[in-house]
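Keeping their order, the protein sequence lines are chains A and B. Note that the first sequence covers residues 1 to 107 in the working numbering. Note that the second sequence covers residues 1 to 124 in the working numbering.
Wrong hints could be hidden among the right ones.
Here are some of the chain B residues that sit facing chain A, going by a computed Cβ distance under 7 angstroms [what the hints assert, rightly or not]:
#1 ASN54
#2 TYR56
#3 ALA58
#4 ALA61
#5 TYR97
#6 GLU103
#7 TRP106
#8 PHE108
Hints are computed from structural coordinates only; laboratory data are not their basis. Note that this is a predicted model, so its numbers are computed, not measured. Glycine is no exception: its CB is placed at the ideal position from the N, C-alpha and C atoms.
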Amino acid sequence: DIQMTQSPSSLSASVGDRVTITCRASQAINNYLAWFQQKPGKAPKSLIYGASSLNSGVPSKFSGSGSGTDFTLTISRLQPEDFATYYCQQYKTYPWTFGQGTKVEIK
Amino acid sequence: EVQLVESGGDLLQPGRSLTLSCTGSGYTFGDYAVSWFRQAPGKGLEWVGFIRSNTYGATTAYAASVEGRFTISRDDSTSVAYLQMNALRTEDTAVYYCCRVWEVNWIFTSFDPWGQGTLVTVSS
Numbered sequence: 001d002i003q004m005t006q007s008p009s010s011l012s013a014s015v016g017d018r019v020t021i022t023c024r025a026s027q028a029i030n031n032y033l034a035w036f037q038q039k040p041g042k043a044p045k046s047l048i049y050g051a052s053s054l055n056s057g058v059p060s061k062f063s064g065s066g067s068g069t070d071f072t073l074t075i076s077r078l079q080p081e082d083f084a085t086y087y088c089q090q091y092k093t094y095p096w097t098f099g100q101g102t103k104v105e106i107k
Numbered sequence: 001e002v003q004l005v006e007s008g009g010d011l012l013q014p015g016r017s018l019t020l021s022c023t024g025s026g027y028t029f030g031d032y033a034v035s036w037f038r039q040a041p042g043k044g045l046e047w048v049g050f051i052r053s054n055t056y057g058a059t060t061a062y063a064a065s066v067e068g069r070f071t072i073s074r075d076d077s078t079s080v081a082y083l084q085m086n087a088l089r090t091e092d093t094a095v096y097y098c099c100r101v102w103e104v105n106w107i108f109t110s111f112d113p114w115g116q117g118t119l120v121t122v123s124s
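The following block holds chain A by itself, in its conformation from the complex (with noise of 0.2 angstroms):
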């Protein structure tokens, strides 16, 4: 299985920071790449795919990068709607597998 690594665990910012948040695969994924936002009880939220699509209606304070192994998202100007927790998945091969998450705090 191709193992998801997400960096960091938990962050902590402020209203306006940009934040980024890094996904490393265990093997090359090309860029079948996803990644979504999941707020306490809530389902999650898909906001790119392919690394660096944005999904319909997702704003473009958010954006994706990378290929191969390394992959980024990137929250520019964040805002209190933000604070949640990130999550990436890769689709190259079955099984599909997420990283472990990074929760983003208020500081």
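Got chain A sorted already, so can you dock chain B onto it with the hints?
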């Protein structure tokens, strides 16, 4: 509005069976794959399996942890996908989510939207 709604979650004993439903609306259900995911209490996300659209043969794939016990099917006439779960174990306790998946030329792309989830609790 494109929407997926899961139903069927329950509390049941180990070894029993349960079928979850995922009803889609606001789009042509048959044009998309459907994937199931789950999240155990306080844990991260786990992929369960998927079913492709009929365009791609409605083929399925499963995580090793559920292979042979869980079966995904679909009825495009009623816009419903099913997750049949047999021989349930305590470790299957989780919120189960379904998700619409767009596939182009055998390549999956977006995973959007997700349903609100339905809770399955397996306990003696």
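Hint check:
Here the hint on B/ASN54 is broken, as its CB sits about 20 angstroms from the closest CB of chain A, past 7 angstroms. Restraint check, B/TYR56 versus chain A: the minimum CB separation of about 15 angstroms is more than 7 angstroms; hint violated. Checking B/ALA58 against chain A: minimum C-beta separation of about 16 angstroms lies over 7 angstroms; hint violated. Checking B/ALA61 against chain A: minimum C-beta separation of about 5 angstroms stays under 7 angstroms; hint holds.
At about 6 angstroms, the closest approach between the beta carbon of B/TYR97 and any beta carbon in chain A falls short of 7 angstroms, and the interface hint on this residue holds. Residue-level restraint check for B/GLU103 is violated (minimum Cβ-Cβ distance to chain A is 11 angstroms; threshold 7 angstroms). With its C-beta approaching chain A no nearer than about 12 angstroms, B/TRP106 sits outside the 7 angstroms limit, and its interface hint is violated. Interface restraint check: B/PHE108 against chain A, minimum CB-CB distance 5 angstroms, threshold 7 angstroms, status holds.
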